[in-house]
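J.: Please model the complete structure; the sequences and the hints are all you need to start from.
Going down the list, the protein sequences come from chains A and B. Counting from 1, position 309 in the first sequence corresponds to residue 309 in the working numbering; the numbering is continuous, with no gaps. Counting from 1, position 156 in the second sequence corresponds to residue 156 in the working numbering; the numbering is continuous, with no gaps.
Hints are computed from structural coordinates only; laboratory data are not their basis. A quick note: this is a predicted structure, and the numbers were derived from the prediction, not measured. Take these hints with a grain of salt, some might be off.
[As the list claims (entries may be wrong)] If you want a taste of the chain A side facing chain B, the calculated C-beta under 7 Å gives, among others:
hint: 1; residue: Ala276
hint: 2; residue: Pro294
hint: 3; residue: Thr374
Virtual Cβ for every residue (Gly too), placed ideally from N, Cα, C.
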Amino acid sequence: MTERKSDSHELGSHPDWSPPASTVGVLGWMRANLFSSPLNFGLTALGLWLIYQIVPPIINWAFIDAIWSGDSPDACRNEGGGPKAAACWIYIDHWFNYLMYGLYPKTEQWRINSAYILLLGGMIPLFIPSFKYKGWISVFLLFVFPVIAYFLFAGGSFDLAIVETPLWGGLFLTLVIAITGIVVSLPIGIVLALGRRSDMPIVRALCVGFIELWRGVPLITVLFMSSVMFPLFLPEGMNFDKLIRALVGVALFSAAYMAEVVRGGLQAIPKGQTEAAGALGLSYWKTMGLIILPQALKMVIPGIVNTFIGLFKDTTLVLIIGLFDFLGVIQATFTNPEWGGFHTTGYVFAAFIYWCFCFSMSRYSMHLEKKLHTGH
Amino acid sequence: MSEIEIQKPTKEMTVSDDVMIHMNAVHKWYGEFHVLKDINLTVNKGERIVICGPSGSGKSTLIRCLNRLEEHQQGQIVVEGTELTGDLKHIEQIRREVGMVFQHFNLFPHLSILDNLTLAPIWVRKMPKADAEDVAMKYLERVKIPEQAAKYPGQLSGGQQQRVAIARSLCMNPKIMLFDEPTSALDPEMIKEVLDVMVELAQEGMTMICVTHEMGFAKTVANRVIFMDEGQIIEENEPNQFFDNPQNDRTKLFLSQILH
Numbered sequence: 001m002t003e004r005k006s007d008s009h010e011l012g013s014h015p016d017w018s019p020p021a022s023t024v025g026v027l028g029w030m031r032a033n034l035f036s037s038p039l040n041f042g043l044t045a046l047g048l049w050l051i052y053q054i055v056p057p058i059i060n061w062a063f064i065d066a067i068w069s070g071d072s073p074d075a076c077r078n079e080g081g082g083p084k085a086a087a088c089w090i091y092i093d094h095w096f097n098y099l100m101y102g103l104y105p106k107t108e109q110w111r112i113n114s115a116y117i118l119l120l121g122g123m124i125p126l127f128i129p130s131f132k133y134k135g136w137i138s139v140f141l142l143f144v145f146p147v148i149a150y151f152l153f154a155g156g157s158f159d160l161a162i163v164e165t166p167l168w169g170g171l172f173l174t175l176v177i178a179i180t181g182i183v184v185s186l187p188i189g190i191v192l193a194l195g196r197r198s199d200m201p202i203v204r205a206l207c208v209g210f211i212e213l214w215r216g217v218p219l220i221t222v223l224f225m226s227s228v229m230f231p232l233f234l235p236e237g238m239n240f241d242k243l244i245r246a247l248v249g250v251a252l253f254s255a256a257y258m259a260e261v262v263r264g265g266l267q268a269i270p271k272g273q274t275e276a277a278g279a280l281g282l283s284y285w286k287t288m289g290l291i292i293l294p295q296a297l298k299m300v301i302p303g304i305v306n307t308f309i310g311l312f313k314d315t316t317l318v319l320i321i322g323l324f325d326f327l328g329v330i331q332a333t334f335t336n337p338e339w340g341g342f343h344t345t346g347y348v349f350a351a352f353i354y355w356c357f358c359f360s361m362s363r364y365s366m367h368l369e370k371k372l373h374t375g376h
Numbered sequence: 001m002s003e004i005e006i007q008k009p010t011k012e013m014t015v016s017d018d019v020m021i022h023m024n025a026v027h028k029w030y031g032e033f034h035v036l037k038d039i040n041l042t043v044n045k046g047e048r049i050v051i052c053g054p055s056g057s058g059k060s061t062l063i064r065c066l067n068r069l070e071e072h073q074q075g076q077i078v079v080e081g082t083e084l085t086g087d088l089k090h091i092e093q094i095r096r097e098v099g100m101v102f103q104h105f106n107l108f109p110h111l112s113i114l115d116n117l118t119l120a121p122i123w124v125r126k127m128p129k130a131d132a133e134d135v136a137m138k139y140l141e142r143v144k145i146p147e148q149a150a151k152y153p154g155q156l157s158g159g160q161q162q163r164v165a166i167a168r169s170l171c172m173n174p175k176i177m178l179f180d181e182p183t184s185a186l187d188p189e190m191i192k193e194v195l196d197v198m199v200e201l202a203q204e205g206m207t208m209i210c211v212t213h214e215m216g217f218a219k220t221v222a223n224r225v226i227f228m229d230e231g232q233i234i235e236e237n238e239p240n241q242f243f244d245n246p247q248n249d250r251t252k253l254f255l256s257q258i259l260h
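T.: Right under this line is the structure:
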């Protein structure tokens, strides 16, 4: 780089200089962000002290003092019989199968695992940029996979034994509810959002009514209605599975939220886009499908994922209608007299698993946003 | 407004084979606001019309009525022998034949330049993708930016974007082109590159209706210049007469303000 001689160049031919050394690199960064003033110096020191106070005890609890091996809960107890002040990972190990599958029969659990493998195997190519048949894989995951999964899980055909839904539980049940909710709520939400912006007054009124009704009611109420009230309105002898009723409730509830998120995106697209598409002769549905929705959905990816994450965590509410999802089975283990007293370990494990799923969704959405950015 | 003498076209308006657009006593309102008043206009094949007038005079609304981006409430508009009514089939049929270029380009920002151009031929004309791409490249070469085909609209300058927008319309092989202030949103140094493309298009015999304040363009290519004010056609004449010998006081005032 040229040396700094501010007077040696002719007008209009100023050479490129490198930035001052004190503003770049690690030192420059620290100077600008951590120690730029006495106040910031103090805040940095306070931050370091807080980290020192908080992080080492957590590491001690979860790793160093934690009980990693042993066959019985006694390994995790003090001489007095109370639980030790450290993570009791053998508790998770002991209950692991129950936490993952609930009461789903052990001999049939291969069916769930096969569906997991199929799902993951289908999703991996979607992350490979050069993979060509992403469209077909997506169609398979959205339309074929759910059918296969249903027959695998429920059984009753292809020589598979029937597994009643009350036996479904644990992380498996959480994933069933969350994935169904996510996959069903997005398309319904899009249709509702389009309907709410429609020129046709009746369509618009119906969509507004639907959205406001479902958004105005707590999810707990929806679940109670679906499990307690709804059967009262059905004729004698006619009954839907409790899980199906919960699934429908969760999906429609999220769809109402999704509709408003998508509507926000639709409103952000300039009117000129619709006009340009119309002027080229594209019909309403082609304009929406090819021009408006791709832009609107991309714009509201953070909002959509936010709704998905909310939905994923809201699945824990199905516990109150007697479905044992992941959090439900963890709480059920606390009632076991032999393994009682390990609440902290159980809840920390639950929090960790939920966090892993939600964080993955968040990261994936950031990846999508970056990938779809075309500089406008 | 009866004291204003409206110059009616002298020729009797009959719908012959050569007539591309025929507007008969068209009125339009935005709510209570009477934005187009008794518009009568006939455009023949190959004619190039420039519409000018102060802002708010209804000139944009007029050409937006021609492909039903705006709806007229009274009178008749016949484009290419098809009357524009609420019938969606007719509207889509007419839009296929009538290209439009907007002030703000309105390219599709999520699609590459090439995809912007091939979208309508593929989805509306059902053209095979390879053919549509050949056509698109042909028109990109005509507007002199074939090297930008893989880029996205956000990476192009305003002048380049407007030329892409013109090429996008041409890919549908339209019989009529409408231009709604195509250079008003451009930096001065980019106006010429867009006007050059439009002049070339005019020389090839395209039927064009152009809302613009580029009087140089009007003098070069227009067969007729139409002056609008307060929703009415005030004056209509061939360019030399229009600029050198305007008849109406408002036209004189307008011209004195824009021609320095």
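J.: Hints first: check each against the structure and report whether it holds.
T.: Structure-based check of each hint:
1. Among the interface hints, the one on Ala276(A) holds; its C-beta lies about 4 Å from the nearest C-beta in chain B, closer than the 7 Å criterion.
2. The restraint placing Pro294(A) at the interface with chain B holds, with a minimum CB-CB distance near 5 Å, inside the 7 Å limit.
3. Hint on Thr374(A) holds. Least Cβ distance to chain B is approximately 4 Å, under the 7 Å limit.
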